[in-house]
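*Asks:* Turn these sequences into a full structure, and let the hints guide you.
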Amino acid sequence: MRYAMAVDTRKCVGCSDCVVACQTENNVPIGFCRDWVVEVTDGTYPQLEMEIRSERCNHCVNAPCVRCCPTGASHFDAGGIVMVTHNDCIGCGACIASCPYDARYPHPSGYVDKCTFCIHRLKNGMAPACVDVCPTKCLYFGDLDDPNSEVSVVLRMRKSKTLIPEAGTEPQLYFLI
Amino acid sequence: MALADIPLSFPGGMAAGILAIAALYYIRGRENDYKTAVRITPFLTPFLLILGLFALFIDLRHKLFFWQLYTNIKLQSPMSWGAWTLLVITPVSFIWCALHIKDIFPKWDWKFKWLYVLEAFFNKYKKTFAWVMLIYAIILGIYTGILLSAFNARPLWNTSILGPLFLASGLSAGAAATLLLSKDAKERKQFARIDLVMLGIELFLIIHMFMGFMASTQVQIEAARLFLGGQYTMSFWIFVVIIGMIIPAILEIMELGRYHIPVLIPAVLVLFGSLMLRFIIVYAGQVSRWLY
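Quick mapping for you: the protein sequence lines, in order, are chains A and B. For the first sequence, the residue numbers in the working numbering are 1 to 177. For the second sequence, the residue numbers in the working numbering are 1001 to 1292.
Worth flagging that the hints you see were computed from the coordinates, not collected in a lab. Here a beta-carbon is modelled for each residue, glycine too, at the ideal position from N, C-alpha and C.
Distance ranges between label pairs, derived from CB positions: (1) A:75 <-> B:1064: 15 to 23 Å; (2) A:146 <-> B:1229: 48 to 56 Å; (3) A:44 <-> B:1207: 39 to 47 Å; (4) A:14 <-> B:1091: 50 to 58 Å; (5) B:1076 <-> A:24: 32 to 40 Å; (6) A:136 <-> B:1216: 35 to 43 Å; (7) B:1233 <-> A:165: 29 to 37 Å; (8) B:1091 <-> A:24: 47 to 55 Å.
Where chain B lies over chain A, by a calculated footprint (3+ residues, C-beta under 8 Å): (9) 66-80; (10) 92-98; (11) 157-167.
*Replies:* Structure (structure tokens):
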């Protein structure tokens, strides 16, 4: 099993519903977020091109945060999901410094927190909160090892990219372009 | 991260330098030639290491869980290496001081018999002990740099030269500490020489670090530009390179010649330079990032 997510940058309108859904579902403290929206505008008016990306932890195959964690609190869970065990985390911040995507934040309770692909929902057969709530249905989630999963199909049909693949992290968050 | 690294890195690096020099001279049988370096300067190290450990602890956000560092061994994590190295080198520095405590307090009495037994035991195997101290001091010195260079996400830190650079900086700070404390002219001359060699190595490594950056990918070129015209240019080249390396090097060369220079000046400048080097690299590294 290899969980992955694909974000359709052509369909995303940057409404930030995914951010609010995540904050509500996961009780993210005020002032922090596990996912966020990036808008990139290229060109000069009137020849403009815009890319809107809903970003979150890339659940990398070669995750630097897991490698540099001194206690093993950061680890790979089922399906390659990068997780933090809160009571194993000492809050040293090494993982925050090691993440090229800045996907982690220090939770006010002391441990480091990040996107979990809503693992608690996956266990009950549901999709992550951000995927379920998206009004334009631009988020695709599923198992890459299953050729018939939504994400496998859409990644076969469309051109896609990952963020900073040259960092060698093998990110599993794909952006359809 | 930012706060911990300076107090951990500077006292840690300096302690590593002092202990490595002490162990090396003891192993080579030069204990009587360089009494201060082997017997007196190491008395600074327990304080430095405890200061470093305390700073590391203060910087943890989940403080009461700190013990998890010592229920795990993670070979891929420099932080884990550092925690275990500190666990070895701190008692080693205490024992080394205990073995030489009579040089500072001649009438020292251990009071308990078992402490005398322990002292005799360590004195018997002092050479082996010095080897352990040398190896762990070098690991500690390199660790202060490797901790940063393991972070692929911060291009400025992501160069393996940082390990040897911080080790050389620690050794020069250690030599400067002996230079400050020694009253023996011959020993001072020798440590001015050691300091000079270390400063030369540091300059060499700094130049090579920037050569490597400039020949590397765009993100590392951007990282190097922080120091070559960017926001850290003045502080780095003036405080670290000119005040912390070139001026003390010139003063030490003059000292080795026939001029008499108050030893306080180059020694304090070297310590200042070593502190600033770590300060600036830690802060600038967090500014450098991948672009996307």
